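Undergrad: Respectively, the protein sequence lines represent chains A and B. Numbers in my numbering are just positions in the first sequence, counted from 1, shifted up by 536. Numbering follows my numbering, in which position 304 of the second sequence is assigned residue number 293; successive positions increment by one, without gaps.
Calculated from the structure, these hints are not laboratory results. These numbers come from a predicted model, not from an experiment. Careful, some of the hints might be misleading.
[Unchecked claim] In silico DSSO-like links for lysine-lysine, alpha-carbon gap of 27 Å or less:
id : chain 1 : residue 1 : chain 2 : residue 2
1  : B       : 329       : B       : 185
2  : A       : 545       : B       : 73
3  : B       : 97        : A       : 559
4  : B       : 329       : A       : 545
5  : A       : 545       : A       : 559
6  : B       : 337       : A       : 538
7  : B       : 73        : B       : 97
8  : A       : 559       : B       : 329
Residues per chain, in single letters:
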Amino acid sequence: MKIVDALGKLCPQPIIDLAHQVKISHSGEIIHLLSDDPATWADLQAWSRMTGHRSRMIEPTRFEIEL
Amino acid sequence: MGSVTAIFTAENHIHPAAEAILSESIAQGWSDLTKLHHPSRRLAQLLSEARTSFATSLRVPSETIHFLGESTLGFHLGINGFPKDGDLFIPSTSRQEVFAAIAGRPAKELPVDINGRWDLPDGQREDLLVLQSVNLETGAIAPNVATFPGRVFVDATADPLSRLPENWSATLWDSTSWQGPRGLGVFALRDHANWKNPLPHIDQRVVPGGVNPALVIASAIALEASTADRRASIINIEEFNSYIRSYLATEIGDVDIASPVNGAAHLLSFSFLYVQAEQIVNGMEQRGFAIDSGSACISANIEASHVLAAMGRLTHGNIRIHLYPSTTRDDVEGLLKNLKDLVLEQRKSL
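This is chain A alone, in the form it adopts within the complex (with noise of 0.2 Å):
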């Protein structure tokens, strides 16, 4: 599992974090990302519509992505 910490940054820099771990990860491959912006549960919902990924939010600031 990989972990992509973006506690204190704003939107979108966590979903673009996101982004940049997902592009040197494999299918099948497990996230965590941390971030406390409180729009990131509602983008990284949405993102994972657009990207065809799943994702769920283990803690408020924890969030877990599945490639």
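Let chain A serve as the given structure and place chain B on it in line with the hints.
TA: Relative to chain A, chain B alone:
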């Protein structure tokens, strides 16, 4: 900073026909309507003509029309003037002013799908449903509510041409939505028997008064003129709308178009993935294009659009545009070309 030549924001210049009449109306509108002298009677006559004009353009009986100096006050009148013994239904994409007007009163929020569509709730006679005929951000059109048994307050501030449901009880419009002068709301009240003025009042008037008659007269002219413009340009606007959609998808990509395909064609909201809206808005202004955004990142103080969040749409990189009868093909081409440049520039680091 360059000068703005193409306006795609929700607010535009006052319609030229209204601008021409505004100073004349100010000259004629100085008198006190409650007095009996000749200038007052003349002004009363002008206002009565304006009211008739509004009634024709907005397709409501003229005796239901009242003028507001502060249009958002209409949300308070339309929601809190009706008895509070039933349920209050509010779609989650309603304007912030609606949530402000209910002031903590328990409401049943109606969830929306990805196209901003909500289902008509099972209601009772004493319930109140607050609906937006057209969503101000996305252009999503409200479903048919003709079978709703309760009262219906219609927020028509996004589009004066939207069709009212047959069972409307009260409706609010905003003069700026038809390029009328700022500072005027039009409030229509049909279900007067069940309505009690929620404002401090000393007589039977529905609104406090104090509206500048010049604004009313100029706004009626603007509404007539812009309605004619809109009808004449509807095909152009629909064409621009589909052209913009296809350009965004094929030429730019990674874009989430929040506006439903069957929505009001003059309103478009879309979000670019991996893009900061503030930089786009500023960059576009430098290139002569005025646009709006519903993204939080536009300012540290503004929350992301609750409309986008409720619909499950991307809240960052959001751009909102408003197509006017005066919008040209060149304006649209310029808008898209410059948006593409700025978006691709930001995405370079990906």
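Undergrad: Look at each hint and say if it fits the structure.
TA: Checked hints:
Distance check on the hinted pair: residue 329 (chain B) and residue 185 (chain B) sit about 52 Å apart at the alpha-carbon level, beyond 27 Å; violated. A threshold of 27 Å between alpha carbons decides the hint, and for residue 545 (chain A) with residue 73 (chain B) the separation of about 44 Å lies outside it, so the pair is violated. For the proposed pair residue 97 (chain B) and residue 559 (chain A), the alpha carbon gap of about 43 Å is over 27 Å, so the pair is violated. Restraint check for residue 329 (chain B) and residue 545 (chain A): satisfied, since their Cα atoms lie roughly 25 Å apart, inside the 27 Å limit.
Of the supplied pair hints, the one linking residue 545 (chain A) and residue 559 (chain A) holds, its CA atoms being roughly 20 Å apart against a limit of 27 Å. A C-alpha spacing of about 24 Å is found between residue 337 (chain B) and residue 538 (chain A), which places the hinted pair at or below 27 Å, so the restraint holds. A C-alpha spacing of about 13 Å is found between residue 73 (chain B) and residue 97 (chain B), which places the hinted pair at or below 27 Å, so the restraint holds. Straight-line distance between C-alpha atoms of residue 559 (chain A) and residue 329 (chain B) comes to about 22 Å, which keeps the hinted pair within the 27 Å bound.
Checked against the numbered hints listed earlier, the structure breaks hints 1, 2, 3; every other hint is satisfied.
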